[in-house]
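Note that the protein sequences, when read in sequence, are chains A and B. Numbering-wise (my numbering), the first sequence opens with residue 1 and increments by one. Numbering-wise (my numbering), the second sequence opens with residue 1 and increments by one.
Simulated from the structure, these hints should not be mistaken for laboratory data. Model, not experiment: these values are computed from the prediction. Just so you know, not all the hints are guaranteed correct.
If chains are identical, the list can't say which one is meant, so a pair holds when it fits in one copy or spans any two.
[Said to hold, decoys possible] Here are the simulated SDA-like cross-link-like pairs (lysine to any residue), alpha carbons at most 25 Å apart as the crow flies:
no.	residue 1	residue 2
1	114	50
2	88	178
3	28	112
4	72	226
5	72	191
6	27	212
7	114	10
8	27	121
Read off the chains here:
2 protein chains.
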Amino acid sequence: MTEIAADPSHPRYQSLLMRHRLEEAEKKGMLAGSALIAHGRGEAFDYLLGEQTIPSALRATQQALALLSSAKRPVISLNGNVVALAGKEVLHLAHQLKCPVEINIFYRTPERMKALLGHLNEIKLQEKLDVEILGAEPDARIPGLEGPRANCTKQGIFESDVLLVPLEDGDRCEALVAMGKTVLVIDLNPLSRTARMASVTIIDELSRVITNMNEMLLSGAATKPVENYQNAQTIEEAFTHIASFLSSEG
Amino acid sequence: MTEIAADPSHPRYQSLLMRHRLEEAEKKGMLAGSALIAHGRGEAFDYLLGEQTIPSALRATQQALALLSSAKRPVISLNGNVVALAGKEVLHLAHQLKCPVEINIFYRTPERMKALLGHLNEIKLQEKLDVEILGAEPDARIPGLEGPRANCTKQGIFESDVLLVPLEDGDRCEALVAMGKTVLVIDLNPLSRTARMASVTIIDELSRVITNMNEMLLSGAATKPVENYQNAQTIEEAFTHIASFLSSEG
Numbered sequence: 001m002t003e004i005a006a007d008p009s010h011p012r013y014q015s016l017l018m019r020h021r022l023e024e025a026e027k028k029g030m031l032a033g034s035a036l037i038a039h040g041r042g043e044a045f046d047y048l049l050g051e052q053t054i055p056s057a058l059r060a061t062q063q064a065l066a067l068l069s070s071a072k073r074p075v076i077s078l079n080g081n082v083v084a085l086a087g088k089e090v091l092h093l094a095h096q097l098k099c100p101v102e103i104n105i106f107y108r109t110p111e112r113m114k115a116l117l118g119h120l121n122e123i124k125l126q127e128k129l130d131v132e133i134l135g136a137e138p139d140a141r142i143p144g145l146e147g148p149r150a151n152c153t154k155q156g157i158f159e160s161d162v163l164l165v166p167l168e169d170g171d172r173c174e175a176l177v178a179m180g181k182t183v184l185v186i187d188l189n190p191l192s193r194t195a196r197m198a199s200v201t202i203i204d205e206l207s208r209v210i211t212n213m214n215e216m217l218l219s220g221a222a223t224k225p226v227e228n229y230q231n232a233q234t235i236e237e238a239f240t241h242i243a244s245f246l247s248s249e250g
Numbered sequence: 001m002t003e004i005a006a007d008p009s010h011p012r013y014q015s016l017l018m019r020h021r022l023e024e025a026e027k028k029g030m031l032a033g034s035a036l037i038a039h040g041r042g043e044a045f046d047y048l049l050g051e052q053t054i055p056s057a058l059r060a061t062q063q064a065l066a067l068l069s070s071a072k073r074p075v076i077s078l079n080g081n082v083v084a085l086a087g088k089e090v091l092h093l094a095h096q097l098k099c100p101v102e103i104n105i106f107y108r109t110p111e112r113m114k115a116l117l118g119h120l121n122e123i124k125l126q127e128k129l130d131v132e133i134l135g136a137e138p139d140a141r142i143p144g145l146e147g148p149r150a151n152c153t154k155q156g157i158f159e160s161d162v163l164l165v166p167l168e169d170g171d172r173c174e175a176l177v178a179m180g181k182t183v184l185v186i187d188l189n190p191l192s193r194t195a196r197m198a199s200v201t202i203i204d205e206l207s208r209v210i211t212n213m214n215e216m217l218l219s220g221a222a223t224k225p226v227e228n229y230q231n232a233q234t235i236e237e238a239f240t241h242i243a244s245f246l247s248s249e250g
């Protein structure tokens with residue numbers, strides 16, 4: 001069991017809190033077998049970023065938020081790790097954006113879907129949020145994918161124009177881009193296929209990103225698109241940041 | 001369940017094989033709760049190394065092997081992930097080096113110890129290896145550590161002069177160095193405290209390192225120490241490799 005430091009100013013507080021949330025989610029049956037390994041990979045990349053939101057990631061966050069705010073049919077896609085790590089924060093974001101969320105998991109079983117829906121509905125009730133939670137009854141398929149992972153809802157992901165898909169796998173990101181959607185991803189690995197495929201790539205830790213988005217919306221200041229936004233430059237700047245972090249340590 | 005590619009030439013074969021071994025170990029109760037996250041962090045750093053043994057890591061491996069070969073009381077310390085990922089390879093190494101192994105785990109419970117001992121003894125029997133497996137009955141303590149994690153055996157770790165401690169935590173590495181031991185570590189994160197504290201730091205994936213050591217011993221060629229070995233240079237070269245990998249991708 002991960003012990004959470006009592007003091008939020010503890011330097012490992014955020015990181016230990018995220019592990020604690022994953023352990024709780026594991027107990028509830030929300031996670032796939034690969035969830036913890038995937039989280040560990042993220043931790044390593046976050047470590048190389050200095051566990052902070054770098055300036056290029058903040059610009060990408062603002063750009064993504066502007067695209068979501070001006071979308072006709074924005075949707076936020078959720079997998080097990082997203083619900084575990086930032087379920088509450090994501091529902092607050094969806095409430096502010098007045099957009100639905102859709103549970104869309106790679107390893108779909110009735111038990112996992114039930115655990116995820118139960119967890120989200122509990123938060124929604126506690127926080128008094130008005131958010132539509134889709135995904136329980138898929139009635140459409142993402143072209144180019146096989147098996148249960150292609151499932152989605154017509155009303156949600158299938159007919160969306162702008163999609164926020166945090167912690168997405170490369171295949172599905174590619175398939176969504178191929179459908180002509182604007183795909184916004186949150187991925188700590190700047191080398192991943194997801195990072196390369198997306199319309200906007202936020203190279204930052206999930207809970208920091210969603211918190212930043214919620215604060216930007218509350219402040220009302222940051223729903224303007226970034227001037228001349230170039231996603232390749234966002235990725236390039238993450239590489240540069242990590243390389244200079246490594247050389248300063250070496 | 002991780003599917004292992006049938007063909008060992010598949011580019012993801014080694015990585016999927018390691019995940020498969022962890023899942024099997026998890027089922028047997030060999031792993032701590034943090035094991036999979038730690039493995040994921042390692043995967044990310046290995047990815048940045050190009051999933052290969054870089055030249056400086058091979059030199060560090062040769063240096064470590066030379067120190068083990070010429071030691072008076074060499075010992076290989078094993079934790080849950082080491083047993084899971086490379087139990088067989090490590091026992092072959094200990095057999096060739098004629099040195100004991102000692103199970104020395106951070107989160108010590110009777111159940112985990114039993115599972116780990118059972119797994120190692122099974123391999124020992126199958127592979128017909130002559131290796132002493134210590135750790136079941138600790139009768140000494142590592143100074144400077146608190147609680148069960150300080151436990152070790154007098155005959156093994158406590159009186160060793162040269163210790164190979166793969167995937168070690170920073171506190172314990174530091175405590176072993178403070179005891180005056182030559183501490184050889186295998187750690188994919190060149191920034192970790194373990195990497196910084198050790199006498200020799202092999203920045204490479206565990207099963208590749210042990211396989212390299214076994215092959216070096218079998219070939220009989222590589223038990224000479226490396227001329228003017230500098231551990232700081234080993235770490236520096238890992239940084240340089242990762243930084244140039246990132247800039248070639250960027």
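Hint check, failures only: 1, 2, 5, 6, 7
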